[in-house]
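Colleague: Work out the full structure: start from the sequences and follow the hints.
These protein sequence lines are chains A and B, in that order.
Just so you know, the first sequence maps onto residues 1 to 262 in the working numbering.
Just so you know, the second sequence maps onto residues 263 to 765 in the working numbering.
Do not rely on the hints blindly, as some may be mistaken.
Said to hold, decoys possible - Label-pair distances were calculated between CB atoms; the ranges are: (1) B:G602 / A:T8: 19 to 27 angstroms; (2) B:A381 / A:G38: 51 to 59 angstroms; (3) A:R211 / B:P604: 14 to 22 angstroms; (4) B:S603 / A:S237: 43 to 51 angstroms; (5) A:D137 / B:G602: 21 to 29 angstroms; (6) B:Y611 / A:D239: 50 to 58 angstroms; (7) B:S622 / A:E64: 47 to 55 angstroms; (8) B:P604 / A:S237: 44 to 52 angstroms; (9) B:S601 / A:G38: 16 to 24 angstroms.
As the list claims (entries may be wrong) - Below, simulated DSSO-like cross-link-like pairs (lysine-lysine); rule was C-alpha separation at most 27 angstroms, straight line: (10) A:K141 / A:K112; (11) A:K19 / A:K5; (12) A:K112 / B:K681; (13) A:K190 / A:K19; (14) A:K19 / A:K221; (15) A:K221 / A:K5; (16) A:K141 / B:K763; (17) A:K80 / B:K681; (18) B:K549 / A:K141; (19) A:K242 / A:K221; (20) A:K242 / A:K5; (21) A:K80 / A:K190.
Note that these hints are calculated values from the structure, not bench results.
Glycine residues also receive a C-beta, built at the ideal position from the N, C-alpha and C atoms.
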Amino acid sequence: MLEVKHLTKVYPDGTVALKDVSFTVEDGAFLVIIGLSGSGKSTLLRCINRLIEPTEGQILWDGEDITAADTTQLRHIRRKIGMVFQHFNLVRRSSVLTNVLAGRLGYVAPWKSVLHRFPARDREMALLALERMGIADQAHKRADELSGGQQQRVGIARALMQEPRIILADEPVASLDPVLAHSILGDLEKLNQEEGITVLCSLHYLDLVQRYSTHVIGLRKGEIVYTGSREDIRRMSDDEFKRIYGETAQRVGGGLEGSVGG
Amino acid sequence: MADKAVTGKQRVSAPLAAGLSLVLPGLGQIVNGEWQRGLTILLSFIASVGLGVWRVHLLAHLQVGLAAQYRKALYLSPGFIVLLSIGLIVLWLWAVVDAYRRTKVVIGKSTGIYVLIGAIFFVLGWQISEINPPKFFSQLDDAWPAFSQVIWPWQAAFERDRETIQAGAPILVPCDSGPLPDVPTETPGQPYLMADPRCGDLSSLDENNNTVPGSTLHLVGRGFAPNSEVQIWWSDPIGNEFRVRQAGSYVTVTSDAQGAFETDIIMPYRLMPPSASGVQIHQVEAKQIAEVGPLKPSEALLLSLEKMAETIFLGMMATVFGIIMAIPLSFLAARNMMSGSPLLVSIYYLTRTVFNIVRSIEPMIWAIIAVVVVGLGPFAGLIALTLHSVAALGKLYSEAIESIDPGPLEAIEATGATKLQVIMFAVVPQVIPPFVSFSIYRWDINVRMSTIIGMVGGGGIGFLLTQYIHLLDYRSAGIAVWFIAITVATLDFVSSKIRQKYV
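Modeller: Rendered as structure tokens:
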């Protein structure tokens, strides 16, 4: 269980990205975070594995305080939390296999990995992960030779190498076309359902939200303005919609397939 | 600024502004609130007048009093003085008119006065840097002999061994002082010289200092190199050798196809010390300096080759050491690697500052310092180039690190990797292409630099080149210049090819 308590993030320039955010995620949940660009979705996800240091508040994971962890503890926590990014964040000039193997860095001896030497078991694991994502034949290509959808699968394979209990997905499909978006989210859903990996995912499109999420929170200007389940999303009122997306936002197609322009 | 230009900006009355600018050009504008414009005019005026006075003083420093100096300078350098004077007067008047008009409605930006200021400084600059184009053309002839040798020095690149072929015949002076010396015996194939007669009197001076010619000797030579020059020398009993002159010029004869020659000489003038009285056996000699054997590379060519190799390796080693030291340091000088704690940030600023200082000092200066420490030679050059390379590469590398895509960085960090792992997996793959490119570029620069670093004693071909130039041996200098040019051009080509591959 992941408990976020009174989380606040103020950037050095004074921008308040998160304001007293509290919520709880049960193990095995598929939590989707919705909100406009700049509402604090990315900051929230990055605070959970402390890529961004929160200013105030606590994040408890099975009772352990992530925000209080020292460097070594933090690395041990991080390796159980996979992360998937909007722009995939692969090392473009490295091979697909090297990118996937990088997911094991938290587990292998640092001095060995620095020379790009990984145990044979890890290599097998990497190939299996790629096979699982259906791109085993691309293993020895350079990462930037792959298409966008394939690159995101490499990103997921890298996260899988961590044998994660949580996957943080920061707008994983925002750079992909709608067909690929479903396919990538389908992959995440499979991991969520088959392996029980908790998924925290930020998304833009409401039709994707109500198709894949089990729980939803809505952020606006760093504050939680909406909490609900998948069913609640279907029944989301115009009022709730405007609370998340602002007074001027337009719902397209009557609600269920609603999305926000911009 | 645009508003001001269109409407003017009345703070004081127009005549007051004009009057102030008449006292000091630009003062009216300053009082009127346009302090930037006014200050520019004022400072430019003061600077031009000051520079003008300095140049007038230099031109006519023997004259006493400014007016006298001005008249002398006008006489010596009329173009400069007239132009400068007109420029300054026009600037002064313009400043007055400008001050007047700037208080009124002004249309347009009126930047003409700045053009005038620029023109005045151009005139001053022309005179201060002593530009004299006619000199360039009128004295080009003098440079031609040296220049032509530098352009095509290859005659001096190869040479043959030189060998002196010589034979001598003894001469008794004077004839009645003793027995005649023996006729030298002739060995076939060896050079042989015979004089007839075998005795005689040297040329001498009478009481009136008129020359009394000595006896004439008929010389017959055999066994010399065919068809080449033979010099006639004279050797007195104390062993002094000198070339025989006849009517002011050296006696030279040319051997025939069989290597034989015949000539007549008048015995030379020789003042002998009193102790040398008595029987004197002089010797007449025929000498040939012949080039024998196959062509072989000259010393200049071999030395240039040797020093060129030294130069290339000097540049290479400096680059290697530069790279080795710059890589770790560049991470300390990259903003995105050093954010976090105040300590890291201060290390970042410190490294940057050191890089900038070391880089701004020319390798030549470093070489001079290094020569003091380790003495003349390539090691001093190596130290100088390495220092400069570390700073220059460090800056380039750190900028490459700063411009990497931060995405992979955070992705690798999120896997629980250590800082070192993040660098090896996310930073290094991204910076390899720019690093390779910069390093090769630096190698290129270092070889070029090492050719001149020798001029201050830092080893390499520059040292040799300076020596040849000082010895006025322009052909050998030309060979060195050619080697430098060929090496630099080759390296330039190779490095651009390699860099193309990596970009």
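Colleague: Now, for every hint given, state plainly whether the structure supports it.
Modeller: Here is how each hint holds up against the structure:
1. B:G602 / A:T8: 19 to 27 angstroms: holds, 21 angstroms
2. B:A381 / A:G38: 51 to 59 angstroms: Distance hint for A381 of chain B, G38 of chain A holds at roughly 55 angstroms.
3. A:R211 / B:P604: 14 to 22 angstroms: 48 angstroms Cβ-Cβ, so the 14 to 22 angstroms window is violated.
4. B:S603 / A:S237: 43 to 51 angstroms: Given about 48 angstroms between the Cβ atoms, the range holds.
5. A:D137 / B:G602: 21 to 29 angstroms: violated, 41 angstroms
6. B:Y611 / A:D239: 50 to 58 angstroms: holds, 53 angstroms
7. B:S622 / A:E64: 47 to 55 angstroms: For S622 of chain B and E64 of chain A the Cβ distance comes to about 52 angstroms; the hint holds.
8. B:P604 / A:S237: 44 to 52 angstroms: holds, 50 angstroms
9. B:S601 / A:G38: 16 to 24 angstroms: Given about 22 angstroms between the Cβ atoms, the range holds.
10. A:K141 / A:K112: Distance ~23 angstroms between K141 of chain A and K112 of chain A Cα, so the pair holds.
11. A:K19 / A:K5: holds, 11 angstroms
12. A:K112 / B:K681: The hint holds at about 14 angstroms.
13. A:K190 / A:K19: violated, 33 angstroms
14. A:K19 / A:K221: Between K19 of chain A and K221 of chain A the Cα gap is close to 8 angstroms, so the pair holds against 27 angstroms.
15. A:K221 / A:K5: Within the cut-off at roughly 17 angstroms; holds.
16. A:K141 / B:K763: holds, 19 angstroms
17. A:K80 / B:K681: Given pair K80 of chain A, K681 of chain B holds - Cα atoms ~18 angstroms apart, limit 27 angstroms.
18. B:K549 / A:K141: violated, 80 angstroms
19. A:K242 / A:K221: Answer holds: K242 of chain A to K221 of chain A is near 13 angstroms, not above 27 angstroms.
20. A:K242 / A:K5: Given that 27 angstroms is the threshold and the Cα spacing comes to 25 angstroms, the pair holds.
21. A:K80 / A:K190: holds, 18 angstroms
Violated hints, in rising order: 3, 5, 13 and 18; the structure is consistent with all others.
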